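Undergrad: As a plain string of letters, each chain reads:
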Amino acid sequence: MASGAAAASSAVRRDSRYALLFLLPTLVLVVGFVAYPVVYSSVLSFYEWNGTATPVFVGLDNFLRLAGDGFFWAALARNLAVAASAIVLQVLLALVIAYCLVRIVGRIGRLFLFLYLVPVIVSEICIGLLWRFIYNPYFGLLNAALKAVGLQSLATGWLGQSSTAFAAVVAVMSFTYLGLYVLLFVAAVRNVPDSIYEAAALDGAGHFRSLFSMTIPMVWDSVRANVMLCIIGSLKTFSLVFVLTNGGPNHASEVVSTYLYKIGFNAFEMGYAATIGFAQMFLTAIGAWIVFRGLRSSKAGRGD
Amino acid sequence: MHLNSRWSITRIGVLAFLSVHVLVVIFPFVWMAYSTLKTNKEFMRSVWSLPATPSLDAFVQAWNTGALGTYSLNSLIVMLGSTVLAVVVATAGGYALAVYRPRWLAGIEIGLMIAMAIPAYVALVPLVVMLRAMNLLDTHLGVVLPTAAFNVPVTLFIMRAFFVTLPRDIIEAARIDGCSEFAIFWRIAVPIARPAMFTAAIVNMIWVWNDFLFPLVFINSPAKKTLPVGLADFVGEHITNYPVMLAAIFLAAIAPLVLFVFFERQITTALTGGAVKE
Numbered sequence: 001m002a003s004g005a006a007a008a009s010s011a012v013r014r015d016s017r018y019a020l021l022f023l024l025p026t027l028v029l030v031v032g033f034v035a036y037p038v039v040y041s042s043v044l045s046f047y048e049w050n051g052t053a054t055p056v057f058v059g060l061d062n063f064l065r066l067a068g069d070g071f072f073w074a075a076l077a078r079n080l081a082v083a084a085s086a087i088v089l090q091v092l093l094a095l096v097i098a099y100c101l102v103r104i105v106g107r108i109g110r111l112f113l114f115l116y117l118v119p120v121i122v123s124e125i126c127i128g129l130l131w132r133f134i135y136n137p138y139f140g141l142l143n144a145a146l147k148a149v150g151l152q153s154l155a156t157g158w159l160g161q162s163s164t165a166f167a168a169v170v171a172v173m174s175f176t177y178l179g180l181y182v183l184l185f186v187a188a189v190r191n192v193p194d195s196i197y198e199a200a201a202l203d204g205a206g207h208f209r210s211l212f213s214m215t216i217p218m219v220w221d222s223v224r225a226n227v228m229l230c231i232i233g234s235l236k237t238f239s240l241v242f243v244l245t246n247g248g249p250n251h252a253s254e255v256v257s258t259y260l261y262k263i264g265f266n267a268f269e270m271g272y273a274a275t276i277g278f279a280q281m282f283l284t285a286i287g288a289w290i291v292f293r294g295l296r297s298s299k300a301g302r303g304d
Numbered sequence: 001m002h003l004n005s006r007w008s009i010t011r012i013g014v015l016a017f018l019s020v021h022v023l024v025v026i027f028p029f030v031w032m033a034y035s036t037l038k039t040n041k042e043f044m045r046s047v048w049s050l051p052a053t054p055s056l057d058a059f060v061q062a063w064n065t066g067a068l069g070t071y072s073l074n075s076l077i078v079m080l081g082s083t084v085l086a087v088v089v090a091t092a093g094g095y096a097l098a099v100y101r102p103r104w105l106a107g108i109e110i111g112l113m114i115a116m117a118i119p120a121y122v123a124l125v126p127l128v129v130m131l132r133a134m135n136l137l138d139t140h141l142g143v144v145l146p147t148a149a150f151n152v153p154v155t156l157f158i159m160r161a162f163f164v165t166l167p168r169d170i171i172e173a174a175r176i177d178g179c180s181e182f183a184i185f186w187r188i189a190v191p192i193a194r195p196a197m198f199t200a201a202i203v204n205m206i207w208v209w210n211d212f213l214f215p216l217v218f219i220n221s222p223a224k225k226t227l228p229v230g231l232a233d234f235v236g237e238h239i240t241n242y243p244v245m246l247a248a249i250f251l252a253a254i255a256p257l258v259l260f261v262f263f264e265r266q267i268t269t270a271l272t273g274g275a276v277k278e
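Chain order of the listed sequences is H and S. Residue numbering for the first sequence follows full-length UniProt numbering, beginning at 1 and increasing consecutively. Residue numbering for the second sequence follows full-length UniProt numbering, beginning at 1 and increasing consecutively.
The following block holds chain S by itself, in its conformation from the complex (with noise of 0.2 Å):
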C-alpha cells in the first residue's frame, strides 16, 4: 500500500465523507440501541433525544408481554435442522464438484447457478401444495426442507471453493494406499474442511434466522412461528410502547450481530467465496 501522504487532504475529505455515510446507514441501530432505554412518555416527548434515566424496563416488558422465548427457541430449531442439513448435504456435494472430473458436472454446475437465481415465491404455491401431501405444513420440518434446499447451492459453491485448494497428492496418495472413496471424503477431506464448513454454518445461521418468507406461507400456528414473524406480529399488537416495540426488535437483531462481532472473518470470507464465483 502506498498512499501519497497519511494525511493528505485528499484522504482527510474521504474520511470526512465516509464516515458521515457509514453513520447515515447504521443510524437506525444506534438510535434503536439508545431508544430502547427511555421510557415512552420520553420516547414521546422527542424521538431524537438521549435518554435521561437508562432503564432496562423496556426489555423486561418486551420479553414478558411477546411470546419473544418461543419464537427464538422456534427460530433457533429451524435454523439448526437447516443449517446441518443444508451443510452435510452441500460438503459432499462441493468435495464432488472439486475433486471428480466428468463431464456432466459442468452441468450440474450450471443447474446449480440457475437454482441460485430462482426467487424463492417462486416456488411457494407449489411447496404448500407438496407440504401439506406430506403432512409438513405447519410443522419445523416443513420450514427446515426447502429452506435448507433453497441455500444448499450457495453453500455447496463456498465448500468447493475450498475442496479445490486441497492439493490433489493427498487424494491420490490414499488411493495408492488402498483408501475407499468413502474414506478419503470421511477420514480425509472432512477433517480438514471443518474450518469451511464451519465458515458455511455460519452464514447458513444468519440466513436462516432472518429468513422470513418460507416461515411466515408455512406456519400458521403461533405457537410454532419463528422470530422474525412472530416480531411482525409482535409489533403490530403492541404499538403503543414504542420502546418496548424497539427492545424487541432489539432482541431480533442481536443474535446475529453478536455472530457477526465474533466471526467476522468466516463470514465476509464465506460472502465474498459464495458470492464471486468463476
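Here chain H stands alone, though its shape is the one from the complex (with noise of 0.2 Å):
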C-alpha cells in the first residue's frame, strides 16, 4: 500500500511538471500579451499622458473625469442596449429558428444554417461597407425599396443622423451573428433524444408548446452559455461600428470601444484611454457575474 501510495504521489508530481512544461508557451503568450496589458492598464489609469512624453501620476484624477463623463456612461449604457437587442434579435430568434430547421425543416435545415452563416464568416469590415450602400441617403438599397412601395416618406440617411444611426447599426448586428447562435442551437436542439418529442406529440402539444415547455428547459444550459456569449461579444463589439458609423454623428452610436478609441489615439489622451478599458472590464466582470447567477437561479426556480 505504502509503495502505491507513493507511485500516486510521484505520478501526481510527474503530471504537475509535465502540464506546466506543456502550458508554458500558452502562459508566456497569455500571460504576456492579455493578462500583462490588463494589469498595465490599471496602472496606467492613475497617469496623464499624450503617448510619447513621460507619463504625469495624477492619482484619480482619471476616474473622478470617468464618473462624470456623460459620453463614457451613454457609450457603456449603449454597449447594454446592444446586448439586451441581441439576446432577443440573436439568441432568442436563433433559438426559435434552430428548432424550427431540426424539427419542422428537416434535411434541407443545412442548406439554411450554411446561408445563416455566411455574415458570420465575412469580415465585419466588408459587411459595414455594404450596410454602408444599404443604408447610403442618395441612392440607397433601403430607399430605393421604401420609395418602391410608396413609403419615400420614411427614406432618409439612416447613419447620417442622431435619431436613426445606432438602430440602424444594431440592426446590422442583429443580422451579421445571427448564424453563430443559430449554428450552436442547432447542436442542442439536435442533442435532444426524440422519445421527448414522441411524449409531447402523444400529449397533444403542438411545435409551440413543445419549443417552449419541453425544448428550451433541455436546451437551458446552451440558452445560459449563448446568453453569456452574447453579452461577452456586446461588450467587446467594434469594428462593425467603427466601419458603419465611427460612434456618430456627433457620438450618437458610439459605444465603449469607438469611444476609447478615439480618446487614444485621436485625442492620444493614453491614460484616460486606459482608464476607460479598465473600467469598462471591471463593470463587464461584475455585470458577467450577476448574470450569470441570475441565470442558474431562474433555472432552479424553473424546478427542473
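Possibly wrong hints are sitting among the right ones.
Said to hold, decoys possible - Chain S stretches covered by chain H per the calculated footprint, using a threshold of three residues with CB under 8 Å from any CB of chain H:
hint, region
1, 24-35
2, 82-95
3, 112-126
4, 141-150
5, 187-201
6, 263-270
As the list claims (entries may be wrong) - So these bits of chain S aren't anywhere near chain H, every CB distance computed over 12 Å:
hint, residue
7, S8
8, T39
9, L73
10, S75
11, L76
12, P153
13, S180
As the list claims (entries may be wrong) - Now the in silico label distances, taken between C-beta atoms and shown as ranges:
hint, chain 1, residue 1, chain 2, residue 2, range
14, S, V258, H, S16, 40 to 46 Å
15, S, I170, H, V56, 57 to 63 Å
16, H, I286, S, I170, 43 to 49 Å
17, H, V28, S, L50, 53 to 59 Å
18, S, I114, H, S16, 20 to 26 Å
19, H, D203, S, S19, 28 to 34 Å
20, H, F292, S, E172, 17 to 23 Å
21, S, R265, H, V88, 54 to 60 Å
22, S, T165, H, S10, 26 to 32 Å
Calculated directly from the structure, the hints in this document are not laboratory data. Computed from a predicted structure; not experimentally measured. Ideal Cβ placement from N, Cα and C applies to all residues, glycine included.
Reassemble the complex: the two chains are provided individually, in unrelated frames, and hints are given to aid placement.
TA: Below, the structure is given as C-alpha cells:
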C-alpha cells in the first residue's frame, strides 16, 4: 500500500511538472499579451499621458473625470442596449430558427444553416461597407425599396442622423451574428432525444408548446452559454460600429470601444483611454457575475 | 426524425418564412456579387437592377488602382504567422489540460475563460507601449503576437475537446513501454490530432484574416497594412466608382467564403466545440 501511495504521489508530481511544461507557451503568450496589458492598463489609468512624453501621475483624476463623463456612460449604456437587443434578436430568434430547422424543416435545414453562417464568416469590415450602400441616403437600397412601395416619406440618411444611426447599427449586428447562435442551437436541439418529442406529441402538444416546455428546458445549459457569449460579444463590439458610423453622428452611436479608440488614438489621451478600458472590464466582470447567477437561479426556480 | 407530414401547412409556412428571412440576411452579398458586374453609369441609374451586359471591368480596375495585392499579401503573412503560432501553442496547452490532472489546472482553465471574455481594446494602450518598447510597432510580428495571444484560449479549448476523446489506455500503454512524456505527445498525440489542429487552424485563419482592431492601431505604413484596414482606406479614396468599390469588397470577402465552402464541417465543428464548453 505504501508503495502504491508513493507511486500515486510521484504520478501527481509528474503530472504537475509536465502539465506546466506543456502549458508554458500558452502562459507566456496569454500572460504576456493579455493579462499583463490588462494589469498595465490599470496602472496607466492613474497617469496622464499623451503617448510620447513622460507619463504624469495624477492620482484618481482620470476616475473622477470618468465618473462625470456623460459620453462614457452613454456609450456603456449603448453596449448594454446592444446586449439586450442581441439576446432577443440573435439568441432568442436563433433558438426559434434552430428548433424550426431541426424539428420542422428537416434535411434541407443544412442549406439554411449554411446561408445563415455566411455573414459570420465574412469580415465585419466588408459587411459594414456593404450596409453603408444599403443605408446610403442618395442611392441606398433601403430608400430605393421604400420608394418602390410608396413609403418615400420614410426614406432618410439612416447612418447620418442621430435619431436612426444607433438602431441602424444594431440592425446590422442582429443580421451579422445571428448565424453563430443558430449553429450553436442546432447542435443543442439535435441532442434532445426524439422520445421527448414523441411523448409531447402523444400529449397533443403542438410545436409552440413543444419548443417552450420541452426544448428550452432541455437545452437550458446551451441557452445560458449563448446568452453569456452574446453579452461578452456585445461588450467587445468594435469593427461594425467603427466602419458604419465611427460612433457618430455626434456620439449618437458611440460604444465604449469606439470612444476609447477616439480618446486614445485621435486625442492621444492614453492615460484616460486606459482608464476607460479598465473601468469597462471591471464593470463587465460584475455584470457577467450577476447575469450568470441570475440564469442559474432562474433554472433552479423552474424546478428542473 | 419524425415529421408529421412532409408538406403540412406548418412546414410550408415555416419554410416560406425562413426562406424570406435567410434571403434578407444574405441579400447584401448577393447584391454585391451582381453589382460588381455593372458599370458605374448603370449602377447610378438603378441600384437594384441586374447588370445589362455583365463585365469584369470593375474587378480589373479595383485590382489595378488599389494596393489590394499588397494588402492581401500582408494579410496572408499575418494570418499564417498568427495561425501557426496559436495552433502550435494551443495544441500543447490543450493536451496538458486534457491529459494531466493536477489540481491547479482548474485555476488555469478559469483564467483562460476570463481571458476569452476580455475585449481586445482594453489591452490596446498598454500593447502599443509594449510593442514600441520591443521595436515591434508597425511590423507584422507586432500584430501576430497579440493576435495569436488573444486567439490561444479559444483554440486551446477546441484542442482540449479533441484530446479528451483520446483513449487514456494508449497513453498508459506508451508509458509502460517507457516512452517519455514528450515522445507520447509528439509521436502519438500530435499525429492523431492532425485533423483537429487543421480544424482549429481554419477558424484561426478566418478570424485573423478578418481582424481589424490590432492591424488598424499597430500598423502605420500603407505598404504594411492588412486587407480589412487597407480596404477601409481604399473605399474612402474611391468614392466615385461604386462597382469598383464593391469589387474591392468582394475580393476581400471571397477568401474566407471559399474556405467556408470547402471546410464547412470543420468550421462548424470548431465553432460549436470552441464556444460551448462544459
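Undergrad: Hints first: check each against the structure and report whether it holds.
TA: The hints, checked one at a time:
1. 24-35: holds (count 7)
2. 82-95: holds (count 7)
3. 112-126: Our answer is that it holds, as 13 residues pass the Cβ test (under 8 Å) against chain H, meeting three.
4. 141-150: Coverage by chain H holds for the region 141-150 of chain S (5 residues, Cβ < 8 Å).
5. 187-201: Check failed, 0 qualifying residues.
6. 263-270: holds (count 3)
7. S8: Check fails; 9 Å does not lie beyond 12 Å.
8. T39: holds (14 Å)
9. L73: Nearest chain H Cβ is 17 Å from L73/S, so the label holds.
10. S75: violated (10 Å)
11. L76: holds (14 Å)
12. P153: It is violated; P153/S is separated from chain H by about 7 Å at its closest Cβ, not greater than 12 Å.
13. S180: violated (10 Å)
14. V258/S / S16/H: 40 to 46 Å: holds (44 Å)
15. I170/S / V56/H: 57 to 63 Å: Given about 60 Å between the Cβ atoms, the range holds.
16. I286/H / I170/S: 43 to 49 Å: holds (45 Å)
17. V28/H / L50/S: 53 to 59 Å: At roughly 54 Å between Cβ atoms, L50/S and V28/H fall inside 53 to 59 Å, so the hint holds.
18. I114/S / S16/H: 20 to 26 Å: Once the Cβ atoms are compared, 22 Å apart, the range 20 to 26 Å for S16/H and I114/S holds.
19. D203/H / S19/S: 28 to 34 Å: Taking Cβ atoms as reference, D203/H and S19/S lie about 31 Å apart, which means the hint holds.
20. F292/H / E172/S: 17 to 23 Å: violated (37 Å)
21. R265/S / V88/H: 54 to 60 Å: Check failed, 30 Å falls outside 54 to 60 Å.
22. T165/S / S10/H: 26 to 32 Å: Since the Cβ atoms of T165/S and S10/H sit about 27 Å apart, the hinted range of 26 to 32 Å holds.
Checked against the numbered hints above, the structure violates hints 5, 7, 10, 12, 13, 20 and 21; every other hint is satisfied.
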